[in-house]
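Undergrad: Given next are the chains, with one letter for each unit.
Protein chains: 2
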Amino acid sequence: MRTVIGVDLGGTNILSAVVNEQGEILGKDKRPTLAKLGATKVMLRIADSVHAASKESGLPWSSHLAVGIGSPGPLDQNTGIVIYTPNLNWHNVSIVEILRKNLHKPIFLENDANAATLGESWVGAGKDEKVVFCVTLGTGVGGGLVIDGKIYHGATGVSNHLGHVIVDPDGPKSSYGNKGILEQYASALGIVRLAKEIGLKPPTGQKTTPKTFKEMALDGNVKAKKVFETAGRMLGIGLTSAIHLLNPSVIIFSGGVSHAGNILFKPMYKEINARCFKTHLKGLKFRMAKLGDNMGAVGAARLAWQALNSSKK
Amino acid sequence: MRTVIGVDLGGTNILSAVVNEQGEILGKDKRPTLAKLGATKVMLRIADSVHAASKESGLPWSSHLAVGIGSPGPLDQNTGIVIYTPNLNWHNVSIVEILRKNLHKPIFLENDANAATLGESWVGAGKDEKVVFCVTLGTGVGGGLVIDGKIYHGATGVSNHLGHVIVDPDGPKSSYGNKGILEQYASALGIVRLAKEIGLKPPTGQKTTPKTFKEMALDGNVKAKKVFETAGRMLGIGLTSAIHLLNPSVIIFSGGVSHAGNILFKPMYKEINARCFKTHLKGLKFRMAKLGDNMGAVGAARLAWQALNSSKK
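Read top to bottom, the protein sequences are chains A and B. Just so it is clear: in the first sequence, position 169 is 169 by the working numbering, and no numbers are missing. Just so it is clear: in the second sequence, position 1 is 1 by the working numbering, and no numbers are missing.
None of these hints come from the bench; they were simulated from the model. Computed from a prediction, not measured in an experiment: that's the story for all the values here. We put the CB at the ideal spot given by N, CA and C, even for glycine. Don't take each hint at face value.
Chain B stretches covered by chain A per the calculated footprint, using a threshold of three residues with CB under 8 Å from any CB of chain A [claimed, not checked]:
#	stretch
1	6-16
2	156-162
3	206-220
4	281-290
With a cut-off of at most 30 Å between alpha-carbon atoms, the simulated DSS-like pairs for lysine-lysine come out as follows [to be verified]:
#	chain 1	residue 1	chain 2	residue 2
5	A	Lys-211	A	Lys-173
6	A	Lys-30	A	Lys-41
7	B	Lys-312	A	Lys-130
8	B	Lys-173	A	Lys-270
9	A	Lys-179	B	Lys-312
Examples of chain A residues toward chain B, derived with CB under 10 Å [stated by the list, open to error]:
#	residue
10	His-91
11	His-153
12	Val-165
13	Ser-174
14	Val-250
Okay, chain A solo, but in the shape it has when bound (with noise of 0.2 Å):
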C-alpha cells in the first residue's frame, strides 16, 4: 500500500490525514493548534499528529511515500519558507527544512486555499471538472482555481484574490488603500461590517457574528435581511467578473458565511442571471463543498502525490 499524509495547517487545528492514490482517507488525526505557543513547537505539534494520523491508518511508516502542507499564506513554495501568516504570528517560518528533518520525508508546500480547492477537484465537488473556482467565504473571502487538474499560481503566487475584486469603486476603503472590494461585504467581516453600517445589533447577550445575524434574518428581522441582501447582491456582482475573465466549469462554494444558505445565495443568483452572458451561464455549475473539514488536508495529500508522480518522470 502506498500513501501520502496531507496536513491541513490553520489557525484553530492541525488536520493530518492518510490518503492513498485515490484520494481515500484511511486514517486521520485533528488536534488544537496552540499557536500561541510559537513555531517550533507548533511544527512539533504537526510532526506529532501525522505520526498520530499514519498510527490510526495501521499502515506502517514507511508506506507514506511524502507529506504534503497546505498552510495559510504568503509563502514561498520554492524555499520552503511560510513568509507570513497573522493567524499563526509565524514570520520566515523554514518549515519544509523543518519538517522533513523532522519526519524524514519529502515534504511539499502550498497555501491553504490553493491546497483546498485541489482537494475539492480531485475527489469532491469539482470532480472531473475542467475550470474548478473554489470561493471560500470566510473571516475573509479567498478564491482558488484550479485547471485542468493543476492549481493555477499566476506570475508570482498572488492570483485568485477573489476578495479583492471591485464591487463598488466608491464603497469603503480597505486596510490597504482599495475601496469597494468583495471582502467588505461577503466575508463574516463585511457581514458585520454592514450590520454596523445599518444600526443591526445582536439581541443581548448573543455574540456580534454572521450566525447571529443569520438567526435574526431567519426570524423575519428587516435589517438583518438587508445585511444578507446587500452581501449576496455584491458577491453576484464579483462572481459576474470572475466569471467574464475565468470561464469556470464550477463554482464552489466554503467558509462559515456559505453556510448562510438563501438568504445569502438568492440574492447572488438574481444578480448573476440578470447580468452574465448566457453563453458564460451555459453548463456552470453552483455547488457546496463536498469534502467539508477534509478539504485541506486531501488536496495536500494530491500535491504530494502530484509532485512525486512529476518527480518520476
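Dock chain B against chain A, hints included.
TA: Same frame as chain A, but now just chain B:
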C-alpha cells in the same frame, strides 16, 4: 526550410504571413476582406492571400506545413466552424473544412483575440513572460490570456472577457443586461457614449470618433479631457480586479483607443496604484503591443506550430 502560414481574418483586412519556427516573417500579403461578397468569396480571397504570401516568401508551397487562422468569433475549434461574426455577417461557416479542401494543408482555427495574444507572448511584448494578459481597446474591450506559452480557453472557450468586468454596479445598462461594465467606458463605443453623456461634440466637419476627441483633449478641451479621464479611471478599476484574479506578469495594450496615450493611461495608473496590493504590482509590467498589424497572423502561425508539434508527440 520549414514554415507555416498564419492568417488574420478581420472585418476590414485579411493579412497572411509565412512564418518560420523562430517567429520570423518570410513573406506577407494584406488585402481588403470585402466582407460584403459573402463567406464563399471571402474564403477564396483568404486562399488567394495565402498563396500570395507564399509567393512573396520565395519558398516552395511544400515548405508550408500548415495554416493557422485567427478569426472573429464565437467559433468552435473542434468542429472548425465559425459560429457567428457580426463583422463578416457569417453564420456557421465551416472555414477549416473549406480551406483544407482548397489549400490541401492542415488548418488550425483560433479566435482573433487569443491568436493576437499568442503572437505577442511568442515574439512580441510578452516574450519569455509566464502569464501574458492582452487588453484590446478597440470598438469593444477584449482580453486574451496566455499561460506558460499556451492560450487559456476557460471551460467553454469564453474566458478573458475583460470588457464585461463590472466597474460600476449602477452604471449604464449594456445591450445584454449587465450594468456598468468596462466596455461601456474604455472602448471606442464607450468613449463616444461618454462624450454624448457630457455634451461633447466634434468640431464642424469632423467625425465623432475617439481620435477626434483625443485631439480635442490634447488641445485643452476640458470636456474631452474629462472623457478620457473617466475611461482611464474605469480601465484602472477593471484591471485592478483582473490583476487580483489573474496575477499576470505583463499587461499588453493594443487597439485604436490605446493610442490615446497619457490622457488615458495616467488616470489608469493612478487608479491601479491606489487600489492594488503591492504584492500584485511587484514585477508587473505594462507594455504596448509590439507586433502591430502582424499580431494576429504571427499568433495564428504560432498556433499552427504548436498544433504540429503536439501532434508529433
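Undergrad: If a hint holds in the structure, say so; if it doesn't, say that too.
TA: We went through each hint and held it up to the structure:
1. 6-16: Check failed, 0 qualifying residues.
2. 156-162: With 7 residues close enough to chain A, the hint holds.
3. 206-220: violated (count 0)
4. 281-290: With 3 residues closer than 8 Å to chain A, the stretch 281-290 of chain B meets the three-residue bar; holds.
5. A:Lys-211 with A:Lys-173: holds (25 Å)
6. A:Lys-30 with A:Lys-41: OK: Lys-30 (chain A) and Lys-41 (chain A) at ~16 Å, within 30 Å.
7. B:Lys-312 with A:Lys-130: holds (24 Å)
8. B:Lys-173 with A:Lys-270: Holds - the C-alpha atoms of Lys-270 (chain A) and Lys-173 (chain B) are around 16 Å apart, at most 30 Å.
9. A:Lys-179 with B:Lys-312: violated (50 Å)
10. His-91: Nearest chain B Cβ about 16 Å off; hint violated.
11. His-153: The hint holds - His-153 (chain A) has a Cβ within 10 Å of chain B, the shortest such distance being about 8 Å.
12. Val-165: This interface hint holds because 4 Å falls under the 10 Å limit.
13. Ser-174: holds (9 Å)
14. Val-250: holds (8 Å)
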